[in-house]
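Those sequence lines, one after another, are chains A and B.
Note that the working numbering has the first sequence beginning at 1, numbered continuously upward.
Note that the working numbering has the second sequence beginning at 469, numbered continuously upward.
The set of hints was computed from the structure by calculation and includes no laboratory data.
Any given hint could turn out to be false.
[Said to hold, decoys possible] Simulated restraints on C-beta separations:
1) B:T552 / A:R97: 58 to 64 Å
2) B:S786 / A:Q453: 47 to 53 Å
3) B:G481 / A:E308: 54 to 60 Å
4) A:P289 / B:A824: 27 to 33 Å
5) B:D593 / A:Q417: 53 to 59 Å
6) B:G481 / A:G228: 51 to 57 Å
7) A:P289 / B:K805: 42 to 48 Å
8) A:Q299 / B:T791: 30 to 36 Å
9) A:S273 / B:D593: 44 to 50 Å
10) A:W30 / B:S605: 49 to 55 Å
For clarity, every value in this text was computed on a predicted model and none was experimentally measured.
Ideal placement from N, C-alpha and C gives every residue a C-beta, glycine not left out.
2 protein chains.
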Amino acid sequence: MPELIESITRVVGSRGLLTGADTEPYSEDWRRLYHGRTPAVVRPATTQEVAEVVRVCAAANAPIVPQGGNTSMVGGATPDESGTQIVLSLARLNRIRDIDPTDLTLTIEAGVTLKAAQTAAAEADCLFPLSISSEGSAEIGGIVATNAGGNNTLRYGNARDLVLGLEVVLPDGQVWNGLRRLRKDNTGYCLRQLFVGSEGTLGVITAAVLKLVPRPRETEVALCAVSGPEAALNLFTRFQAHDPGAMQAFEYMSGTGMGFVLRHIPGAVLPLSQPAPAYVLVELATPRPDAGLRAALEQVLEAALTQEVVTDAAIAESEAQRTAMWRLREEHSEAQKQEGASVKNDVSVPVSKVPAFIRAATAACEKLIPGIRAVPFGHIGDGNIHFNLEQPEGSDGAWFLAQDHAIMDAVNEVVRQFDGSFSAEHGVGRLKPYLMAHWRGGAELDLMRRIKQAIDPGGIMNPGKVLP
Amino acid sequence: MPELIESITRVVGSRGLLTGADTEPYSEDWRRLYHGRTPAVVRPATTQEVAEVVRVCAAANAPIVPQGGNTSMVGGATPDESGTQIVLSLARLNRIRDIDPTDLTLTIEAGVTLKAAQTAAAEADCLFPLSISSEGSAEIGGIVATNAGGNNTLRYGNARDLVLGLEVVLPDGQVWNGLRRLRKDNTGYCLRQLFVGSEGTLGVITAAVLKLVPRPRETEVALCAVSGPEAALNLFTRFQAHDPGAMQAFEYMSGTGMGFVLRHIPGAVLPLSQPAPAYVLVELATPRPDAGLRAALEQVLEAALTQEVVTDAAIAESEAQRTAMWRLREEHSEAQKQEGASVKNDVSVPVSKVPAFIRAATAACEKLIPGIRAVPFGHIGDGNIHFNLEQPEGSDGAWFLAQDHAIMDAVNEVVRQFDGSFSAEHGVGRLKPYLMAHWRGGAELDLMRRIKQAIDPGGIMNPGKVLP
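Assemble the whole structure, with the sequences as input and the hints as a guide.
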């Protein structure tokens, strides 16, 4: 090991290496699910340095854990407890290499934060349309490696749909330069789509070409009260039929979750006359300055009110009001934390099945733990529900958390009945490989293993993640 | 071989097998580039039959050539001259398994034609937005296996972007059921994206879940005269900034190509006052019934006319006029054929580089063969130009065609200078594997070979295609 560290230091210099106590922030995931150890955090500054570090590690058969902003929800970017896994931080690869507003492309290194990427796009009068809560810390390499989703997937797709090209350091230290800026290119297997979502187990993403879109010039946000998920889905189909191109986000919230937000978040106010069983936050946006978005929004809402699909609605009249409405949605996790212990499930089902899923999963959890409080919220337009469960009022938090696997299993069993996924946008990481054999077993897992073996025969890339 | 045929017949029955002269239409590609031979064309009727046929062939180490509508532009779906390759026709897998207008999904078998898929979507008041000239014959399996593009890629992406799930028979006869209908699913490697565009070399696609979109309710089409590709790109960026969601197609045509159409196609009429150096066909569409698309179109065109980006423009006033305008574009290939011998290049470059590419490639070809007539046309908004070359007036067609490789090489050299692709939407097939080492060599081709070896170690799936 000292020899390995010495070889790595020769590549990156002492500035590019952290050891001892300095490695601690890199060894623990932000949810504090895992507390690992690493002999060194390597911080190369260029793709070439990454390649040389990987070559050195491959020669020593030393496992590598690529890390971006360390915001994984599933422990995907931290080393295990063995103390043998080298953490490869991409944070110093933080250059924006090129931005082209005609091509609508952004060529960018892995260590740039999502927020900085959005800012660079905005400065060129464009939008990079991926947005997630952790965007201030999450870095592009991780966004791409985990196929991040978020609020705007509905309109622009997941990270997968926004990547035109990649630069990847392979497990043997070769660099694949696939930084193409082409909208059409049918020349062999689509390698970039294999690396997107592979969570660092097939190679190290060092740069990407991302798609941009023209910046919206009109935005409208409304908060709607509905009787439950069935009415929310009904409203969604109305907006979808009307003008899907304008629908930027469509978020569902339960009355329970909104109650937590109003109780715990300072300054949170419901802009409606009274609480409702459930809510929808809808955002429309368009680059066309005279698209009549407000009129379109009012028209859909009026029809929905008349037909009692929506029981009340408020349209934001200013940027401040838009921000306040979004805050009611964004603070759901924080409010849940304040309320007590909770168990999180990031699941998806076909869009049409969301209401039946929410009903059935709620019933299953209530049967398991009487008094449990279901707090489903999230991207109903993508069929992606954060189906979180809050401890029963007055119960013991530790007692509740000790039942987390039983709760997750109960939810997942319902997800399976509806042909859904146990991980919609958070990935597999270290938290969920144990589910892979049951959910993706047989031919599918066999194919994944063969691909892993073909590309990383030494098994040095992010071991213990994704594959069981 | 007789034993193999006997085993296959036991699986599919005599109805599912063609031999002798009956195999001829399946042994030649429609461009008549290749004239192969096959001992048998197998026509299974179910996924299970496909799996059993593949198992039998794998046991006998017999090569398999999957075939859909046999409309490949690159000889990708026909057997070689050895007489040993079994043709596996998917034509009898022609059921629509499910259509869901709320989920906006269509679950469909490989042998359904693209046209029939579009019709099924329309009957559910939806649109399957992929459209190519051969849609009456091309089948879904081939559309997906070749990652087909077409006119509407600009708005809806390539086939790759429209596939949510796949069912694939693997080279060992296992069936992978990945027919998921989820918009978000991060559970391991994205296998479907590996099969999309693999041109039958990794397995046999038997069914797919396709994305639908709401049916457009307003459509506007305009034909614009421009001074050349620079002005065409300028006009494109204006429409893009204005409302990219509404732009369904943006097609470029040269004055030369339009001249051929007006000369050779019966009934073709230019709806403008006089011929121009180049033309753009733009189509806007929206599901919103009151989106004011006509006003938006007129506004962009008026500004472009005032600023002399466009020199003349006609807006279609009826469905008949829209069809007539589209015909001027769609008949380009036929008109070129009538005019004489031509060499075709399906290439792409970054969108911003299309004008410089057209100028440079035209100059390179004119230098190679004085009098040669460049006929660039196609999807300028995707950077995808069909850079076709017509023989010099009065020259000998056979003499011209004998120089096809020199012409293609000259064009490709310019494509390379602009970081483009030698195959934008037609794929590699049997025509272009010789280009792979030069264009996609090193780490990239190495990865492709490793993946091929991992998934099809016996090399029985569509040998001689894609990989050199």
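Now for the hints, and whether the structure bears them out:
no.: 1; hint: B:T552 / A:R97: 58 to 64 Å; verdict: 49 Å, violated
no.: 2; hint: B:S786 / A:Q453: 47 to 53 Å; verdict: 60 Å, violated
no.: 3; hint: B:G481 / A:E308: 54 to 60 Å; verdict: 57 Å, holds
no.: 4; hint: A:P289 / B:A824: 27 to 33 Å; verdict: 31 Å, holds
no.: 5; hint: B:D593 / A:Q417: 53 to 59 Å; verdict: 29 Å, violated
no.: 6; hint: B:G481 / A:G228: 51 to 57 Å; verdict: 52 Å, holds
no.: 7; hint: A:P289 / B:K805: 42 to 48 Å; verdict: 45 Å, holds
no.: 8; hint: A:Q299 / B:T791: 30 to 36 Å; verdict: 32 Å, holds
no.: 9; hint: A:S273 / B:D593: 44 to 50 Å; verdict: 36 Å, violated
no.: 10; hint: A:W30 / B:S605: 49 to 55 Å; verdict: 54 Å, holds
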